[in-house]
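Could you build all of it, start to finish, from the sequences and the hints given here?
Each chain, written out:
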Amino acid sequence: MNKYLFFFSSINKIGIKTILKLIDFFGSLENAFDSSMADLKEFGFSNSIIEDIFNKKKNFNFDNECLKYKKLNIDFCSYFEDSYPAILKKIPDPPIIIFYKGNLSNNLDKTIGVVGARNCSDYGVSVARDFCEYFINNDIIPVSGGAIGIDSISHEVAISKNYPTISVMGTGLDIVYPARNKKLFQDIIDNNGAIVSEFPIGANGLPQNFIMRNRIIAGLSAGVFIVEAGIKSGTMTTAEFAIDQNKNVFVVPGSIYSSFSEGTNYLIKNGAIFITNPREIEDMVWPTFTKATAGESVGVRRALYLQNNNEIKIKKPVDVSWMNEDEKNIFDLISYKSINIENIVLKSNLSIQKINSILIILEIKGVIINLGGMNYKRIEKN
Amino acid sequence: MISKIYSCVVIGLNSRLVEIESDIDFGFQKISIVGLPDVSVNESKDRISSALKNSGFDLPRNKITINLAPANIHKAGTLYDLPIALSILLANGQLKKSSFDFSKSLFVGELSLNGDLRKINGILSCAIFAKENGYENLFIPEDNAKEAALVDGINIYPVFNLKQLIDHLLNKLNIESFEFDKYSYFNSIDFIDDSFNFKYIKGQNHAKRALEIAAAGAHNILFYGPPGSGKTMLARSIVTILPKMSEEEILEVSRIHSVAGLLTEKQPIIIKRPFRSPHHSGSCASIVGGGSNPKPGEISLAHRGVLFLDEFPEFSKIVLESLRQPLEDGFVTISRAVRTIEFPARFILVASANPCSCGFFGDSEKKCSCSQLQILKYKNKISGPIADRIDMHVEVPRIKFDELSDNNLSEDSVSVKNRVEVVVDIQKNRFKNSGIVNNSEMKSKHIKEFCKLDDQSLEILKSAVVGLSLSGRAYNKIIKLARTIADLDGIEDIKMNHVAEALQYRRRE
Chain A
24 MNKYLFFFSS INKIGIKTIL KLIDFFGSLE NAFDSSMADL KEFGFSNSII
74 EDIFNKKKNF NFDNECLKYK KLNIDFCSYF EDSYPAILKK IPDPPIIIFY
124 KGNLSNNLDK TIGVVGARNC SDYGVSVARD FCEYFINNDI IPVSGGAIGI
174 DSISHEVAIS KNYPTISVMG TGLDIVYPAR NKKLFQDIID NNGAIVSEFP
224 IGANGLPQNF IMRNRIIAGL SAGVFIVEAG IKSGTMTTAE FAIDQNKNVF
274 VVPGSIYSSF SEGTNYLIKN GAIFITNPRE IEDMVWPTFT KATAGESVGV
324 RRALYLQNNN EIKIKKPVDV SWMNEDEKNI FDLISYKSIN IENIVLKSNL
374 SIQKINSILI ILEIKGVIIN LGGMNYKRIE KN
Chain Y
73 MISKIYSCVV IGLNSRLVEI ESDIDFGFQK ISIVGLPDVS VNESKDRISS
123 ALKNSGFDLP RNKITINLAP ANIHKAGTLY DLPIALSILL ANGQLKKSSF
173 DFSKSLFVGE LSLNGDLRKI NGILSCAIFA KENGYENLFI PEDNAKEAAL
223 VDGINIYPVF NLKQLIDHLL NKLNIESFEF DKYSYFNSID FIDDSFNFKY
273 IKGQNHAKRA LEIAAAGAHN ILFYGPPGSG KTMLARSIVT ILPKMSEEEI
323 LEVSRIHSVA GLLTEKQPII IKRPFRSPHH SGSCASIVGG GSNPKPGEIS
373 LAHRGVLFLD EFPEFSKIVL ESLRQPLEDG FVTISRAVRT IEFPARFILV
423 ASANPCSCGF FGDSEKKCSC SQLQILKYKN KISGPIADRI DMHVEVPRIK
473 FDELSDNNLS EDSVSVKNRV EVVVDIQKNR FKNSGIVNNS EMKSKHIKEF
523 CKLDDQSLEI LKSAVVGLSL SGRAYNKIIK LARTIADLDG IEDIKMNHVA
573 EALQYRRRE
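In order, the protein sequence lines correspond to chains A and Y.
Residues in the first sequence are numbered from 24 upward in steps of one, following our numbering.
Residues in the second sequence are numbered from 73 upward in steps of one, following our numbering.
These are calculated hints, taken from the structure and not from any lab test.
Note that the coordinates shown come from a computational prediction; the quantities given were computed from them, not determined experimentally.
A few of these clues could be false.
Stated by the list, open to error - With a cut-off of at most 30 angstroms between alpha-carbon atoms, the simulated DSS-like pairs for lysine-lysine come out as follows:
#1 Y:K274 to A:K206
#2 Y:K274 to A:K370
#3 A:K44 to A:K64
Said to hold, decoys possible - Every beta carbon over 12 angstroms from chain A, so not counted as near; a handful from chain Y, in silico:
#4 I74
#5 S75
#6 E91
#7 D95
#8 I96
#9 D97
#10 G107
#11 S170
#12 F174
#13 S184
#14 F250
#15 D382
#16 I454
#17 E467
#18 R502
C-beta: ideal position from N, C-alpha, C; glycine also.
As C-alpha cells, this is what we get:
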C-alpha cells in the first residue's frame, strides 16, 4: 500500500479520478504530497481541500495508522492492488481504498445484492429467506448492508448454511452498527465472509455515509434484488445506484395496500424486472449462453426464457421413503400452502400428542416449517 | 395483683407467643398499653371498656397498665381485645372464683362494643402455634371456628360473646369444644366449575393438551396468539383439571388466605386449588407481597394453585422481574425495615400474551400491521430470564367459524383430571425422598436420576439442537417436559415421541 495513496484517500472529496489526475499532474503522489500550497492551487484544488490536506499532513504517520488497523484486525487494499474486488473497479465511482474484516478473496463472480426495508412484513421475511436459500444452494453470494430487517435475514440464511456473505457498512469498521448485530457480524467473518467499508476507522454513521454504502452494495453485486421497500427509503437509493452502474434491479411484487411494498411496486412500474422465482434472477444475470441468447439484452433474454420455460418447476418430489405411515399421512396433509394445526387435527385420525411429535420430527428433518401461529407448510426443495 | 393471659402475634405466616400482663394500681382511671402496640391495638382500650360495661362487668376506676410481652415485637391487629379484657378482669379479681388453668390456654378475638366477638385474620397460624407449643385450649371467635378446626389435637372453643366466655370460665356454663368433620366437608365441594369445562372449548386441541401436561407436572405455561383466539378461556379452564389438594396442602393454602383475611363464611377453608388473576396494572407489593407489616401478595395466594397473568407483557417490568425468585425457589422473601419475612409461592404460572402490539403477527387471515422492529420490541418486554422459567410456550391460533359451529363436544374435564391425578401420584412416589413434589421442580441431579433417555430420544434431541437451533439451556426443560408426557402415557422410560412432543412446546426465538 502506497502511503501517499492512503493519505489522499483520507481527504474529503478526493475520489479515484482526482487521484489519477494528481499522478498525471505531479508525476507521482509523493510529489503531490510534498508540493506547496501554490502548486496544489494550480492543480485546481479549492482552498478548503488544501487546508484539509495541510492539516492532516501535520499528524500523518502511516506506520501508526497501519498499526491501528492491525490491532483491530482490519485489512485494506487500494484500487490499484490485485486483491481489490474486480467487480467493484467497474463502477463509476469506486472507493480508493476498501477496508474489510474477514475474507474478501472469495470468487465474487456470482454475487447478488439482497436489500430491503429495516421494517418489513412477514411476507418480506418469508421472501428474503426463501430466495436467499435458493441463492446459496446455487453458489450465489448474498451481499447486503448488515442492517436489521431484510439485510440481517439474508446474512443469517447464509450463516445458517455456513456460506460466505458480504456485509457493507456505513461506518468505520471499528464501530458496530447496529450494535445488536455484533454477533451476526462475527458470524459472517467466521463463515469466511467479509465485513466491508470504504470509511476509515472512526467514521460515524452519518446519513450520507449510509447512502454511499448502498453504492458499494450495488457495486459488489452482479444484480440487486429488492424484497420490500418504502417509497422514500435507503433501499430505493440502492436501486438508483444499481441502475447507474448498469446492473439489473429485480423486484418481487407486493400488495398495493401494503406500505411495505410501495417502493418495490413503484420500481416495477418504472422498469425494474419483476420476478416471482429466484431462478429467474439466476437465469437472467448468469445466463447459460446459447446461440439464441448470446448478446441479447436482458429484456429479450427474459422473453426467450419465458418462451422456453412456460412452467417453472422448482418443486422436486420430496423423498418420503424414511417416513412411517403416520408421518407420511401427516406430511401429505401439508402442502406448499400453509395449513393450521387445528385443521391437521380435524383431517387426520391421530391424537394431538401423536400429531405434535410427528410435526416436530418432520420439522427437524427439514421437510416442513412452522411459519408461526402453528401454521405449517412444506419447505421448497430446489 | 398482676395477671397473666396468653395470646399470640401473627408475623408473616407464623405466630409467636404474647404474654399479656395487667396491673391495677391506685391513681386516676387510665388504661395504658405498652409493648410496641400499633394504633389498632391501642384503640382496643376503648372497645374493651365499652364491651366490659355492656357485658355487665366493672372496669376498675384505677390506673391499669397492660404489658404485651415480649415488648420488642411490633404488635398489630385486633386479636388482643379479648385477652386484654380477660387479663383486666383477672387482675381485678372478678375471676377469683374460677378454677380455670389459664396457663394452658390461648385467647384471641376482637370485641365489639356490646361484647360480641368478631372474626380475626390469621387464626390458622394461631392454631398451628398452639398445637406446636403444647397449648390445650384455644378460645376464638365463633366465626373462625371452622378455619381453626383444620388443626387437629387441640380444643377449639368458639366464643360468641364475652359474657358467655366468663360464665364458662366460672363454670356457670359450658362451651362445647368445636367438632368438625373436615373430611366430609372436603368432599362436599363440587370441584368442577362446569362453565369452564374442557368439553365446551371448541378446537384448540393443541392448547388443551398443553394444559393437561402443565397441570400434571406443574409446568409454567405461556399462551400467545391473536386477540379473540380464546387464550383467557383456556387459561381459566385449567382449574377444572387441577388435581385435588392433599390435607397438608389445604392447611398450607388456607393458612396464607387466613393471614390475608380472605377466608369468608362461605369459604372458611380453601379446598379448591386457588386461581388468582391479578390485573396487569397491579403494583409490585400487591402481586409479590409487601407492606410495612408484610402481607402475602397474589403469588403467595396462588400457592399450590395457578397464578394467571393475562396480557403478560403489559405487566410492569418491575413486577415481571420480581417473579424470578419465586419462580425459581417456590417462595418469596420480603424484606422491610422492621423485619424480613418469607412467604411460600409455589404456583403454576399461566400467562397469556399477544404476539405483537396489533396482535395479529402469525395470524393466518388477518395481516399484522406491525414492523419487524415493533414485533421485536414487544417480544423483548418478556425478558430472557423470565421466559426461561416458563417451560411451555404455546401458540393459540384463531379458530375459524366452521370449527366454532361444530356441535361435537370435546373431552370432558373430568377424564382429563383423572389422568392428571394419576401422574400426580406417580410423581409423589418418585420424589418421596427428594424434597420436591413435581417434575417441573427437578434440578440437574434429579434429571440424571429420574429421566432415562433411550438412544432414539437422544438422537432427536441432538438433531433438535441443530435443526431447531435449540439452546443448551432449553435442553433440561425439554427433558422435564418429556418426563411429564411419558408419565401421562404411564411409561417409565422416556421415548422418542415424548421428547418430540415436548419439543413442540419449546420457546421459539
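request  = Please settle this one: E91 (chain Y) was flagged as non-interface, so is its CB more than 12 angstroms from every CB on chain A?
outcome  = Per Cβ check, E91 (chain Y) is outside 12 angstroms of chain A; nearest 61 angstroms; holds.
key: 12 angstroms Cβ clearance of I454 (chain Y) from chain A   = 16 angstroms, holds
query = Can we trust that F174 (chain Y) is non-interface, i.e. its beta-carbon lies farther than 12 angstroms from all of chain A?
reply = 63 angstroms, holds
Given hint K370 (chain A) paired with K274 (chain Y) - CA-CA distance at most 30 angstroms = Since the Cα atoms of K274 (chain Y) and K370 (chain A) sit roughly 15 angstroms apart, the hinted pair holds (cutoff 30 angstroms).
request  = Could you let me know if the closest chain A CB is still more than 12 angstroms away from the CB of D95 (chain Y)?
outcome  = 72 angstroms, holds
message = Does I96 (chain Y) clear chain A by more than 12 angstroms, comparing its Cβ with all Cβ atoms of that chain?
response = Since the minimum Cβ distance to chain A is about 75 angstroms, I96 (chain Y) lies beyond 12 angstroms and the statement holds.
key: Status of the stated non-contact between D382 (chain Y) and chain A (beta carbon gap over 12 angstroms)   = 19 angstroms, holds
ask   = Are all C-beta atoms of chain A more than 12 angstroms from that of S170 (chain Y)?
value = 68 angstroms, holds
key: chain A versus E467 (chain Y) - minimum CB to CB distance exceeding 12 angstroms, so not interface   = 5 angstroms, violated
request  = Mind verifying the non-interface call on R502 (chain Y)? Its CB should be farther than 12 angstroms from each CB in chain A.
outcome  = Nearest chain A Cβ is 21 angstroms from R502 (chain Y), so the label holds.
query = Any Cβ of chain A at or closer than 12 angstroms to G107 (chain Y), or is the non-interface label fine?
reply = 59 angstroms, holds
ask   = Has the given pair, K44 (chain A) with K64 (chain A), been kept, meaning a C-alpha gap of at most 30 angstroms?
value = Measuring from Cα to Cα gives roughly 14 angstroms; hence the hint holds.
Hints 1 and 17 from the earlier list are contradicted by this structure; the remaining hints agree with it.
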